[in-house]
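S.K.: Sequence:
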Amino acid sequence: MAAEIETMFYTREKPWHGLGTRVEEAPSSKEALELAGLDWTVVQEPIYTGTRDVISGYRANVRDSDRRVLGVVTDRYKIVQNRQAFAFTDALLGAGVRYETAGSLQEGRRVWLLARLPREYIISGERISPYLVFSNSHDGSGAVKVALTPVRVVCNNTLNLALDTAKRSWSMIHTGNVSDKIQEAKDTLFMAEEYMDSLGKEFERLRKQKITDQQVKEYIELLLPIEKDATAGQVKNITKLRRDMQGRYYDAPDLKGVGDNAYRFINAVSDFATHAEPLRRTANYKENLFVRTMDGNPMIDKAYQLVCAA
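Here the sequence shown is numbered in numbering that gives the first Met the number 0, starting from 0 and rising by one per residue.
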């Protein structure tokens, strides 16, 4: 399988996903577009049969820089160009926004950008930096998605919990009046303050929620289950992963002073989900990890659901 990442940059320190080309300063949108290799547009062209008859109702999305066909879509599909994505984020976050990373996945079929919001939060004594992630597909496979991703600065762990009390993401499909929908997103996505405020309150609640060593053991077993028909080798592998997650709860230096509580457990799971070495490293391991970071990590959300249900 070809590598997921086609082009990408990152600023200064290598990010949690470890991908991309390093630059010294977080660039402006124009510079970011060029550094990320996203300074191309998508054009829609008719599709023909082998006998040169036009196939009605469908178009090919073609990248103008190299004539690569990114996908086949219906004629209702509206293109959101890469420049529109950066212009949207500029308008949303204001003049002077600086981009931390951006790039192209799957040979241009999916693109994203990540901007660090100007304000940093101190929540329960922790430095949390919120990032805005904008992702878009050009192959017709997915919606435009904008999401807030809080990152715990001390260890680069993502903490994008799916809260019931506040939204962290917005999406739209590529049909209808795209400009109007982007304006809706601008109205909707001034949600960072609300989400971060709700996240802070939830972290305080999780800190007060004591958990026992037995609960830690049970939660880990639910997160990393061993199937009834598992082979000896599979049992050995899952047991190894369980020990790794357990070690992140009990032994991580940055968590030792936190106390035996749900907040510590969520952070240990986040650390495992973000940084743990897989049993078998595939060619696209880092790329897949980054995609899960953009979309939300199901393991972190499941851990959060477990402690909330206790």
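Rather than coming from a laboratory, the hints here were simulated on the basis of the structure.
Don't take each hint at face value.
Once the Cα atoms are required to be at most 25 angstroms apart in a straight line, the calculated DSS-like pairs of lysine-lysine come out as [to be verified]: (1) K227 to K255; (2) K301 to K144; (3) K207 to K29.
Pair ranges (Cβ atoms, derived) [as the list claims (entries may be wrong)]: (4) G141 to A86: 33 to 39 angstroms; (5) A229 to G141: 29 to 35 angstroms; (6) G141 to L162: 18 to 24 angstroms.
Remember, predicted model here, so these are calculated numbers, not experimental data.
Backbone N, C-alpha and C define an ideal beta-carbon position, used for all residues, glycine too.
S.K.: For each hint, tell me whether it holds in the structure or not.
M.R.: How the hints compare with the structure:
no., hint, verdict
1, K227 to K255, "violated, 35 angstroms"
2, K301 to K144, "holds, 22 angstroms"
3, K207 to K29, "violated, 46 angstroms"
4, G141 to A86: 33 to 39 angstroms, "violated, 20 angstroms"
5, A229 to G141: 29 to 35 angstroms, "holds, 34 angstroms"
6, G141 to L162: 18 to 24 angstroms, "holds, 23 angstroms"
The structure does not agree with the numbered hints 1, 3, 4 stated previously, though it agrees with the rest.
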